[in-house]
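**Student:** Residues per chain are reported as follows:
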Amino acid sequence: MATQVLMPALSPTMTEGKISKWMKAEGDTVESGDVLCEIETDKATMEVEAVDEGTLGKILVPEGTENVAVNAPIAVLVEEGESPDDIADAPAPAKAEATPAEEAPKEEPKADAAPAAPKSAPAPEPEYDGPMKTQTVREALRDAMAEEMRREEKVFLMGEEVAEYQGAYKISQGLLDEFGAKRVIDTPITEQGFAGLGVGAAFHGLKPIVEFMTFNFAMQAIDQIINSAAKTLYMSGGQMGCPIVFRGPNGAAARVAAQHSQCYASWYANCPGLKVVAPWSASDAKGLLKSAIRDPNPVIFLENEILYGQSFDLPDSDDFTLPIGKAKVERQGADVTIVAYSIAVGIAMEAAEKLAEEGIDAEVINLRTIRPMDTETIIQSVKKTNRLVSVGEGWPTCGIGSEVSAVAMEQAFDYLDAPPARVAGVDVPMPYAANLEKLALPKAPTVIEAVKSVCYA
Amino acid sequence: MARASKSGAKSTGAAKSASRSKTKTAAKKKPEVSGEQLLSYYRDMLMIRRFEEKAGQLYGMGLIGGFCHLYIGQEAVVVGMTQAGTSDDTVITSYRDHGHMLACGMDPKGVMAELTGRRGGYSKGKGGSMHMFSREKNFFGGHGIVGAQVPLGTGLAFGHRYSEDGGVCHAYMGDGAVNQGQIYESFNMASLWKLPVVYVIENNKYGMGTSVERASSNVELHERGAAHDIPGMQVNGMDVIDVLNKGGKALDHARSGKGPYILEMKTYRYRGHSMSDPAKYRSKEEVQKMRKESDPIDNLRHTILEGGHSNEDEMKDIDKEIKSIVTAAAEFAQQSPEPDESELFTDVYVEASA
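For the record, the sequence lines run as chains B and S. Residue 836 is where the first sequence starts when you use our numbering, and the numbers rise one by one after that. Residue 961 is where the second sequence starts when you use our numbering, and the numbers rise one by one after that.
Quick caveat, the hints were computed from the structure, so don't treat them as lab data. Here a beta-carbon is modelled for each residue, glycine too, at the ideal position from N, C-alpha and C. Where hints are given, some of them may not hold.
[Unchecked claim] Computed beta-carbon distance windows for the label pairs:
hint	chain 1	residue 1	chain 2	residue 2	range
1	S	Glu1180	B	Asn1105	55 to 65 Å
2	B	Glu873	S	Phe1305	53 to 63 Å
3	S	Val1310	B	Pro966	30 to 40 Å
4	S	Val1310	B	Glu999	53 to 63 Å
5	S	Gln1017	B	Arg985	43 to 53 Å
[Unchecked claim] Simulated coverage check for chain B against chain S, where a stretch passes if three residues somewhere in it have a Cβ under 8 Å from a Cβ of chain S:
hint	segment
6	1011 to 1024
7	1036 to 1044
8	1057 to 1065
[As the list claims (entries may be wrong)] With a Cα cut of at most 20 Å, we get these calculated DMTMM-like pairs of lysine to aspartate or glutamate:
hint	chain 1	residue 1	chain 2	residue 2
9	B	Lys1278	B	Glu1188
10	B	Lys1017	S	Glu1124
11	S	Lys1280	S	Asp1258
12	B	Lys856	B	Glu898
13	S	Lys1069	S	Glu1311
14	B	Lys1042	S	Asp1258
15	S	Lys1154	B	Asp1021
16	S	Lys1014	S	Glu1291
17	B	Lys1218	B	Glu1192
18	B	Lys1042	S	Glu1311
19	B	Lys989	S	Asp1048
20	B	Lys1042	S	Glu1281
21	B	Lys859	B	Glu901
22	S	Lys1097	S	Asp1048
23	S	Lys1280	S	Glu1291
24	B	Lys1017	B	Glu995
25	B	Lys1161	B	Glu1284
26	B	Lys859	B	Glu875
27	B	Lys1287	B	Asp1154
28	B	Lys859	B	Glu884
29	S	Lys1154	B	Asp887
30	B	Lys893	B	Glu915
31	B	Lys989	S	Asp1125
32	S	Lys1283	S	Glu1298
33	B	Lys989	S	Glu1124
34	S	Lys1244	S	Glu1173
35	B	Lys1042	B	Glu988
36	B	Lys1161	S	Glu1311
37	B	Lys859	B	Asp887
38	B	Lys1017	S	Asp1125
39	S	Lys1276	S	Asp1258
40	S	Lys1014	S	Glu1266
The shape of chain B in the complex, shown without the other chains (with noise of 0.2 Å):
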């Protein structure tokens, strides 16, 4: 019987990819475990192999296709006396081949990918009115490196497959190729270790930037983080600035279970003598880590893996930053005010969206740094729309909707006319099965939802 060979996912976040070779022609006999294609995606390639046995009997998508969403057929197998053609009564194969990564969920295609970018968003930085380019989170982030390593010989890049590999998740690439071995630098897999030694090299002077593949790994450095690289200056009177980024991953990314799925903002924020950022756009992205790296203090960088492939217009500039510690109004509204920070700035905007639809207008800001907070932007905000909500990733006890709500609640408490509403995780460690997952995360609904309660509708 005609089998479909499926374009596979090779992580858990890839939606789509391109077919760069065919490793066996039409014809070709297939055995189990052959390697029938390669394929690359913006973080890897990687080679699709068999699963059935068979003939190739047809190629459906020829090398060199570009965007090739996951579960599309991209090749027939076919056994012995039978046509490609056959597959038209064939039922469709359950599961792609080579990952059991997710399946794309038909109903919502790019779930996930969906809500973040809008194209409203995100407005050019008010000061800057040059020309504009559009760029995925991970290309700027590679190019805020770049520029900076560019620009002052001390910054450097150390971690996990920065290197050789181009990074874990691809933030790296060509750095290496550009700055050698020197400056970046493929570290063992010892986070305290390595942590500590960046906290060090910037005692000394140094500039590092020190990458996490996520931050999940970074509870084994965490005591060197906080107590040796946030603590020093103020332990030493003033001596010991410790300018150093901590990068990385941070959150959920899809399927990866309680591990590997926490977001540490709040973690982080807690602590005096640290600054905590976490950029949605790429625009965000680019400014606030050219920022974080010419911080003289330690800035925590929280990346999300989910945006690391999203697209947006950014400056097309060598000189464009943001100031850390200045929140962005990225949607003006007059009903109702919705806080959110990294991943869950494209949830708010999707929302808010809907609802104006049903005639509430929101007003989204997006915090951009956690510590230190403007509180200054939620509280004109807040004092313009009377209603409050956050929405964050993390879980909701002494989350960073918490502190949010807070600041409202001791700054402009006269002027809230409903208890502020949290949108967080739920308060679970994070499940792998599909559907719980889904449930733990925020979404456009919860908030639509969230924001109706405060106002009443």
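We have chain B; now place chain S onto it with these hints.
**Tutor:** Relative to chain B, chain S alone:
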């Protein structure tokens, strides 16, 4: 700081120590040390001894708060290593750090005033006994978390190599810290990248109240780098000359680009782990025997007098001079005012100068 000069007067009795046989080979090759140098080491060690005794007194009077870990007994380690090093070198250690600071040339007044939490202290009173620093003297702390200073010191070594300044980091740790996982993460990277660092294990036999034998599966701590191809050596840490010679060798190794080196200093602390130590884990006799037979200061004094490098009167003058410096430091530490209340909010962040 000057390395031991070869043109100095002949040193005698330098190997007068419990581990005479072990130091024999080193003794053959070691540079001779002048009487003047011996006196300077004596002075530096005595300064630490008297300073720590005074700190102990002030603690007893309630003038020093919190934790206070005295270095008494271990003076030869840091004085020998400092003399073996150069002014390009960086130094980092844990919380038993007063001796390291004095050996680096930091002002006893500033150190003592930090112990009393006053504004004249090195950290303006905000760090205390365990957290002091001097950029000027290349002293990078003073760290309160056991073992955490070792990755930091490895990072300082990374900085030396990155900036090619010719310096070596002296990264100190105790026999307790040496069982920490981050030590081996550091050893691995330092060896892998041939970083200029000398790991100085101050083995004073007890990690707090637990003896090395009860905490370590292998008590030969100088062998702890073997899995990472880091050479190691045992040193009589009660003998400043042995420390000087072997320290010099280890620093040369690191400075010449051959990577890290481990020195296990066999030493002893006379006082408790901290001021609040019930001392139930060892006998008074054990402490007395060490003090009597292996005291680094008494032994060096004996060597100096026996070798005719000085006389009783001159030695007494040194004692007096040290005593007056320490007394002045203690006075300063009590007279210096507490930090202004506005200091509560300073030094949390470096102001960005864009």
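**Student:** Any hints from earlier that this structure breaks? Give me their numbers in increasing order, please.
**Tutor:** Hints 1, 4, 5, 13, 14, 17, 20, 25, 27, 29, 32 and 40 are the ones this structure does not satisfy, whereas the remaining hints hold.
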